[in-house]
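Asks: The chain contents come next:
2 protein chains.
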Amino acid sequence: MAQPGKVYLIPTVLSADTLHTIPAYVTPVVQQISVFFVENERTARRYLKALDKSINIDALQLLLMSEHQPPDTALAKQLLLSGKDIGVISEAGCPAIADPGHLVVQVAHAIEAPVIPMVGPNSMLLALMASGMNGQNFQFVGYLPVKPPERIKAIRDLEMQSQKKQQTQLFIETPYRNNQLLKDILDNCKDSTQICVAADITGPEEFIRTKTVKAWKQALPELHKKPAIFLMLAQ
Amino acid sequence: MAQPGKVYLIPTVLSADTLHTIPAYVTPVVQQISVFFVENERTARRYLKALDKSINIDALQLLLMSEHQPPDTALAKQLLLSGKDIGVISEAGCPAIADPGHLVVQVAHAIEAPVIPMVGPNSMLLALMASGMNGQNFQFVGYLPVKPPERIKAIRDLEMQSQKKQQTQLFIETPYRNNQLLKDILDNCKDSTQICVAADITGPEEFIRTKTVKAWKQALPELHKKPAIFLMLAQ
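Protein sequences, first through last, are from chains B and X. Here this note's numbering runs 44 ahead of the position in the first sequence, where the first position is 1. Here this note's numbering runs 44 ahead of the position in the second sequence, where the first position is 1.
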């Protein structure tokens, strides 16, 4: 049997016009791949063209994957077994974390095809670096519940776990609910708890600030519709 | 008062001779900084020279920080207040996560100096991408205890938490105990639990493989003295 193809996990930008955050070794890898799983065809085309104007986009096979439409893993398996390399590109940042690209990775492991993660921007990691909080013990829990009682319980649970384990808690919110989330945190956490707000990371309005709950209460930032990540460390 | 200086979090390579993993925008930033907090003076010099041969290393102020010698935060504060930018470089990968660079970041937040995290390699993130495991909910807990009873308890606790929350568990070990850790995992976890071993990430012997405990038991990889990260997801 031929060697199986490889799955390349290809980072993309977090913010428009920030191609400088992508390491140069991504371009030659992209140039040799003809099949990509992508979350958004238009964004992926634009990104590939930005990496290399001479790429013939129409000759590429762009396969869609989304929350509602998982990647065609049977096709992925068949391509890999025939020796074809596959690229995975998410809508923003590093793939196979917050997108269904991890299902393509699972197929690769099942048939022992190599998986090559490539260095690129990730808002969770960049926020953790810039927060000044504990990076030796941390937890990312994605979105908090939307309904008030569950949401408040989740915030209090995270604060309790943070205090007990000295663990940094990371979570996100849909951008139009960011201001509400920050308010909910400030209303329900101890004055001494540290909160980091990291918005528009790598972008033109990058804002990263760590303060205590007490200090945040003095002045609230405007986070409406900005992609943001929240970090918490209870003292 | 003058504008405070900025803290730039500057990534470095995970493995020797992998400068291609560093985005090009790091070099012009480094060129304009004259004070760096570093974990290892020799490695930092070599890295800065590799980024730009023409940098006059002797004109730079390299300030040491380590587990046993925290960074001089009073000096960091004074430099920032005088408008001086500061770079933070770890021994490998992204700084201010597994090194005392986060103490410099804390000083910056205390005086509202900007903190700029720069994109670069991080073994935890790359391993998570390549594992195929849940990236929406995960926990990094650093080193597991060394003593057998505590260690076994920690492994079982992680498996239980993973199962309950469908949470990916990430942890590391000092490279000369990697083989023992994998054995301890296989001896104490359920056959169906998924384990990813990611060793020498971005390096010449990169090895990333996800299998069930049952499948790993068939053949053990040689991990002795290789930098590795372990991931677990219980089904």
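None of these hints come from the bench; they were simulated from the model. Because the structure is a prediction, the values reported are computed rather than measured. Each hint should be verified, as a subset may be incorrect.
Same chains, same label: a pair holds when it works inside one copy or across any pair of copies.
Stated by the list, open to error - In silico lysine-lysine, DSSO-like type, Cα no more than 30 Å apart, as pairs: (1) Lys208 <-> Lys261; (2) Lys234 <-> Lys93; (3) Lys50 <-> Lys227; (4) Lys128 <-> Lys209; (5) Lys209 <-> Lys93; (6) Lys209 <-> Lys227; (7) Lys128 <-> Lys258; (8) Lys50 <-> Lys261; (9) Lys191 <-> Lys97; (10) Lys269 <-> Lys227; (11) Lys197 <-> Lys97; (12) Lys191 <-> Lys208; (13) Lys209 <-> Lys191; (14) Lys269 <-> Lys128; (15) Lys234 <-> Lys208; (16) Lys128 <-> Lys208; (17) Lys209 <-> Lys234.
Asks: Work down the list of hints and note, for each, if the structure agrees.
Replies: Against the structure, the hints come out as follows:
1. Lys208 <-> Lys261: Within. Shortest intra-copy distance 24 Å satisfies the 30 Å Cα cut-off; inter-copy 35 Å does not.
2. Lys234 <-> Lys93: Result: close neither inside a copy nor across copies, 49 Å intra and 46 Å inter.
3. Lys50 <-> Lys227: So Lys50 and Lys227 pass the 30 Å test across copies only (28 Å; inside, 45 Å).
4. Lys128 <-> Lys209: For Lys128 and Lys209, the Cα distance exceeds 30 Å both inside one copy (45 Å) and across copies (35 Å).
5. Lys209 <-> Lys93: neither (46 Å within a copy, 40 Å between copies)
6. Lys209 <-> Lys227: Answer is both: 25 Å inside a copy and 26 Å across each meet the 30 Å cutoff.
7. Lys128 <-> Lys258: between (55 Å within a copy, 29 Å between copies)
8. Lys50 <-> Lys261: between (50 Å within a copy, 25 Å between copies)
9. Lys191 <-> Lys97: Close neither inside one copy (46 Å) nor across copies (56 Å); limit 30 Å.
10. Lys269 <-> Lys227: within (15 Å within a copy, 48 Å between copies)
11. Lys197 <-> Lys97: Answer is neither: 50 Å inside a copy and 54 Å across each miss the 30 Å cutoff.
12. Lys191 <-> Lys208: The answer is both: 26 Å in one copy and 22 Å across copies each meet 30 Å.
13. Lys209 <-> Lys191: So Lys209 and Lys191 pass the 30 Å test inside a copy (27 Å) and across (19 Å) alike.
14. Lys269 <-> Lys128: neither (40 Å within a copy, 33 Å between copies)
15. Lys234 <-> Lys208: For Lys234 and Lys208, the Cα distance is within 30 Å both inside one copy (14 Å) and across copies (28 Å).
16. Lys128 <-> Lys208: neither (48 Å within a copy, 37 Å between copies)
17. Lys209 <-> Lys234: Answer is both; intra-copy 16 Å and inter-copy 26 Å each pass.
Consistency note: the structure conflicts with the earlier hints numbered 2, 4, 5, 9, 11, 14 and 16.
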